[in-house]
Amino acid sequence: MASVLRFALLCLAAAGAFASDDPLATAIGHAKAHPQGDAPASFVAADFRGDLRDLPIGVFDSGVGGLTVLEALKAHDRHHNLTGAEGADGVPDFAGERFVYFGDQANMPYGNYSAVGRTDFLRELILRDALFLLGRRQATGEKPPVKAIVIACNTATAYGLEDLRAAVKAWGIPVIVIGVVEAGAQGLAETADGAQGGVAV
Numbered sequence: 003m004a005s006v007l008r009f010a011l012l013c014l015a016a017a018g019a020f021a022s023d024d025p026l027a028t029a030i031g032h033a034k035a036h037p038q039g040d041a042p043a044s045f046v047a048a049d050f051r052g053d054l055r056d057l058p059i060g061v062f063d064s065g066v067g068g069l070t071v072l073e074a075l076k077a078h079d080r081h082h083n084l085t086g087a088e089g090a091d092g093v094p095d096f097a098g099e100r101f102v103y104f105g106d107q108a109n110m111p112y113g114n115y116s117a118v119g120r121t122d123f124l125r126e127l128i129l130r131d132a133l134f135l136l137g138r139r140q141a142t143g144e145k146p147p148v149k150a151i152v153i154a155c156n157t158a159t160a161y162g163l164e165d166l167r168a169a170v171k172a173w174g175i176p177v178i179v180i181g182v183v184e185a186g187a188q189g190l191a192e193t194a195d196g197a198q199g200g201v202a203v
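Okay, so the sequence shown: first residue is 3 according to our numbering, each after it adds one.
Hint data in this document are derived by calculation from the structure and do not stem from the laboratory.
35 Å max Cα-Cα, derived DSBU-like pairs, lysine-lysine: (1) 76 / 171; (2) 34 / 145; (3) 171 / 145; (4) 76 / 145; (5) 171 / 34; (6) 76 / 34.
Here are the computed distance ranges between Cβ atoms for each label pair: (7) 92 / 52: 29 to 37 Å; (8) 122 / 37: 24 to 32 Å; (9) 55 / 78: 14 to 22 Å; (10) 114 / 48: 31 to 39 Å; (11) 172 / 122: 12 to 20 Å; (12) 119 / 52: 41 to 49 Å; (13) 114 / 90: 33 to 41 Å; (14) 172 / 91: 34 to 42 Å; (15) 89 / 172: 32 to 40 Å; (16) 89 / 142: 36 to 44 Å; (17) 27 / 78: 34 to 42 Å; (18) 81 / 27: 32 to 40 Å; (19) 78 / 56: 15 to 23 Å; (20) 121 / 82: 39 to 47 Å.
Where is the CB? At the ideal position from N, CA and C, for every residue including glycine.
When you get a sec, could you build the whole thing from the sequences and use the hints?
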């Protein structure tokens, strides 16, 4: 009987060591516990210590809708590519970049989770999407990690942007995180006076 009780207490202690009600704390702790990227939802910390310029840009959504954001990125031309000066030069600004797109179709649509009170699970999904992009692991082998993450989903931006930025800071990696909502708001703010424009979200 005593051995059963000891075993039960050991199981409870082990579960408590890994359990957290906060998806952000769990994701931060998990990635820090696996700096070699040797577990699912982890990344190789050393991948982010050198020159990141040759790494691709990661884009994710809960499904395929974010592909329109990816296409907009690939066509974006608001700066001169050689000088960096404002103004289109006829060459897309990201012409020399590679992209990795992830659509979490297994858990889509993300918009439903808040309606049923599952925002913690939604936040966990968003952090796992980012960890997938940061890591090398995928079902069919390896992929490159990413140097920047674009959240191409309104719901994921609203519920996960601040978590993801906090996680990146806690992990100490120089990865830029951009959300589609703030990019749309910035585009609206930059619309010239008197110009007719619209923003769809």
